[in-house]
Amino acid sequence: MTDTEKIYHRLKSNAVSLKSAVDMLQKCPPEKKDKLIGLMREATQDIMRLLAELEAGPKT
Amino acid sequence: MDKLNILVVEDNELARTVMANNLAGQAVDFAKDKATAERKLKAGRYDICFIDLMLGNEDDYFGLKLIPLAVSKGIYSVVMSSCDTEETIGRAYALGCKEFYVKGNEGDNIAAIIARYLQGDGGKKIQSVFSTGFITNDPATRALVAEALKYASTSLPLLILGPSGTGKTTLAELLHVHSGRKGAFVAMNCAAYTEELLEAELFGYKKGAFTGAQENRKGKLAQADGGTLFLDEIGAMSQTMQLKLLKAIEERSFYPMGADKLEYSDFRIISATLEDVQKLLAENKLRFDFFQRVHGMTIALKPLAQRKCDIFPLVEAFTKKAKRLAFELGAKDYLLAHDWPGNTRELKRFVELVAAGTQGIVMLETVKKHITHSAPVQTQAPMRDITQAQYDCALKYGLSAAVDRFSAGVINRNLSENNGKKAAALKQLKISKCLLYATLAKCKTEGK
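The listed protein sequences correspond, in order, to chains A and B. Counted from 1, the first sequence has number 40 at position 40 by the working numbering; the numbering is strictly sequential. Counted from 1, the second sequence has number 402 at position 342 by the working numbering; the numbering is strictly sequential.
With the rest of the complex left out, here is chain B (with noise of 0.2 Å):
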């Protein structure tokens, strides 16, 4: 992502400086009195305008007179002041200032503001998030990652979900990207390594830690200081591990393998898996206190299979600089037939595979030639179609009563969504007369 262009007018340089700290990793320029504000806001470069009010010991309100032509060069206007009685917050909005904010706590508040300002612009920054970032047209997931990245500028941990290769590790850099943080995006997968090995990838190790380290060498959350530390497959960590690393989290520091002396690294964390989380909570194989410093915000990214509009976005921006590849008509329609058990990361190896082999126009025959065959195309929902919570449903209370509880869901949604009226559900559902005054009897007996 660009840097957003930051003017911050402000006389204060203690306030400068706080103000330069919680704006790092953004373009930041800064006007110290009227003169200087006034002719760089006439320039009107920048996206975002931080204001003070009061400019100078004498001054009465002059950065209100900064907001008409902040507004009139179409600049997100933000007031930051220490006045913030109603007469003064009622000027400022009426001048067209966006937001009002009191000095004191603008770590958080910026975050705020620069993440308010992303979704408010047009949706052009939004936009190209979506085309560049993390592709999709999928309206669902387009909410989601909007959303994720309100949080993107905060030091909160976030935890993604989702099968193997839907984004997750696409969706860890852009956040990382959109953190405003300078260091760097270390990512790591949890289940590539034995925990020894593990240990020392994450915490280094000195020179004579174990056999073999014949050199110190640092770990990844020393890399990831003032940076990300992206890591995947939680849920393949052993509970020692998990111990060590909530430790590190919790203090942002650590001691290297054979180090006797305390490490310190502000690193944020993002953390994924693709396994169930409360399973593994159940089974005791994600600690809950670790848990509880990995989750923050949770975002669940759905398999193509379930945004199969993504499909054609995601080939063309795979061969964006490359061969563009065009499909026959059946090809495509069995592109999106196909489920794509393996997700983005199998579209992308087809994609490959496809352009590495093709002259002119991709025919079905072609297509049908990469496609995994493990995943046969199936016009009707497949039968191993169900969720991980069904199935799970099914192992509790027996198949029998968990079908029930499935038609019971099916029925009384249908119901809530024609408004109670009966003959729909047997229309829409194709269903008898006897299952559902059975279902709702049941339903009424158990006080669903």
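The following block holds chain A by itself, in its conformation from the complex (with noise of 0.2 Å):
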């Protein structure tokens, strides 16, 4: 698998987790819902970065 295939699957893998966490995040309780949140926040930032890598352009 070259780099920017990982970053193709990287990038899915945190967008599918993404959307299933805001479904999550509608029925969440709220002592749960801060902690959710950040990982969503966490998993945004990685897909920043890895856009990011994608238009620095490819590493083949």
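Treat the hints as calculated values from the structure; they're not laboratory data. Quick caveat, the model's predicted, so the values are computed rather than measured. We put the CB at the ideal spot given by N, CA and C, even for glycine. You may find that some hints are simply not true.
Short derived list, chain A residues pointing at chain B, Cβ under 10 Å [to be verified]:
#1 Thr4
#2 Tyr8
#3 Asn14
#4 Ser20
#5 Lys27
#6 Glu31
#7 Leu51
#8 Leu54
One side only, chain A facing chain B, incomplete, derived with CB under 8 Å [as the list claims (entries may be wrong)]:
#9 Ser17
#10 Val22
#11 Ile37
#12 Gln45
#13 Met48
Both chains are sitting in their own frames, so use the hints and assemble them into the complex.
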């Protein structure tokens, strides 16, 4: 697997986890909400980082 | 049911949190890296293992290497990955994984995976359901319950039909136990309350909501939060109450009586009725929109008279932790010949009576003494043993036309079973050629 493929894989993985987490968030009890939002924020930052890597150019 | 032991191999913490949420109710363990996954799999005490293929940023499908290890330990291996190339899927299956899913729809997929696991584990778990949870040896009932269990872990509504005492509540509770829902199983019989009381019971009330409401009281909807609300005899509910409940089901929120603040409850609804649903709808006793919200999958339980192979397994189950019973041959025959109009409930009461008053083998006289006389034993099919559909047909078209339709149905079925051989039908059904040909001619005319 090339580095670019790995980036795409991680992007997809983070994106679907975020989508599922959003569904979960709506029913999440208040005491767990903050932790979940924190994890979602980390996933978002990971997505930002991966997108920046893609922008920086292909590593093949 | 015992919880399933499940291992989730996943490096992403958010994905692990999502899986933990979707596997609530099972015994779930996690491995976030390769070494932990290998160590835990080698311990081999899991029923199912969910494997993410890529563990860590620099990984090249290490998850694939875990599949043979899991399979060698007899663990049901499921790949859940974002990487779904044809080559990867092929490799995963070749290594022995049972199911391959693309991440992103875990809620529905996990429920389906668990249901398939329960069915395909050599039948062990499903067998235990039929020997402890819902006792039956009847193949059709087993198939029905097994089918219903596939939907247990979903949030879809279920409707259970069947005469009184056939085990509707038992089945509803079994489905709740298999649902993985952490909340309570809350059952209520709608026919047991007046409209006002039913509203108070379902929605709860605030202090002072009505005369006698001296304190706040949680209703059944709130009690079933995170669990299952089982509503028996839904046909007994008024149209107004159905409308109120419909809104609560739709929005998962409601106002308790006397409250000005909306309350929320994540309940799953299972309902039941012993009445003919189509008739209830036709007579406007059941609102169609309400029915649409509660019917989901429909499970029709047969009366005990149509699954007599269950009589002795049930007797054994009823006496499992108490005095065991042994019946003489004549007594056994009598039990099998009885119609059991009260179904399982009648059988249970009978067993309790016999166990309390008998020493040694149970004789025929004892059995006769305790079986309700309003249901006399008949060796031939009793005249009253007609289906509701047949009865409705007679009311609709007249008895003569209904008999003709019934005859045509029997003759056509028999011909179909005998590959159209009329001689076989004449012999098996003991009918005249005249009746056979007249019926066939009539069917042809009516285009049946």
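Hint check:
For threonine 4 of chain A, the suggested interface contact is broken, since its CB lies about 13 Å from the closest CB of chain B, more than 10 Å. Interface hint status for tyrosine 8 of chain A: upheld, as the beta-carbon distance to the closest one in chain B is roughly 9 Å, under 10 Å. Hint status for asparagine 14 of chain A: holds, given a least beta-carbon distance of 7 Å to chain B, under 10 Å. Interface hint status for serine 20 of chain A: upheld, as the beta-carbon distance to the closest one in chain B is roughly 4 Å, under 10 Å.
Nearest Cβ of chain B to the Cβ of lysine 27 of chain A: about 6 Å, under the 10 Å cut. The hint holds. Among the interface hints, the one on glutamate 31 of chain A is violated; its C-beta lies about 14 Å from the nearest C-beta in chain B, farther than the 10 Å criterion. Nearest Cβ of chain B to the Cβ of leucine 51 of chain A: about 15 Å, over the 10 Å cut. The hint is violated. Taking 10 Å as the C-beta cut-off, the interface hint given for leucine 54 of chain A is violated, the closest approach to chain B being about 14 Å.
Because the closest C-beta pair between serine 17 of chain A and chain B is about 4 Å apart, less than 8 Å, the hint holds. Restraint check, valine 22 of chain A versus chain B: the minimum CB separation of about 10 Å is more than 8 Å; hint violated. Taking 8 Å as the C-beta contact cut-off toward chain B, the hint placing isoleucine 37 of chain A at the interface is violated, the least distance being around 11 Å. Below 8 Å, beta-carbon pairs count as interface contacts, and glutamine 45 of chain A has none with chain B, the closest being about 11 Å; its hint is therefore violated.
Taking 8 Å as the C-beta contact cut-off toward chain B, the hint placing methionine 48 of chain A at the interface is violated, the least distance being around 15 Å.
In summary, the numbered hints that this structure violates are 1, 6, 7, 8, 10, 11, 12, 13.
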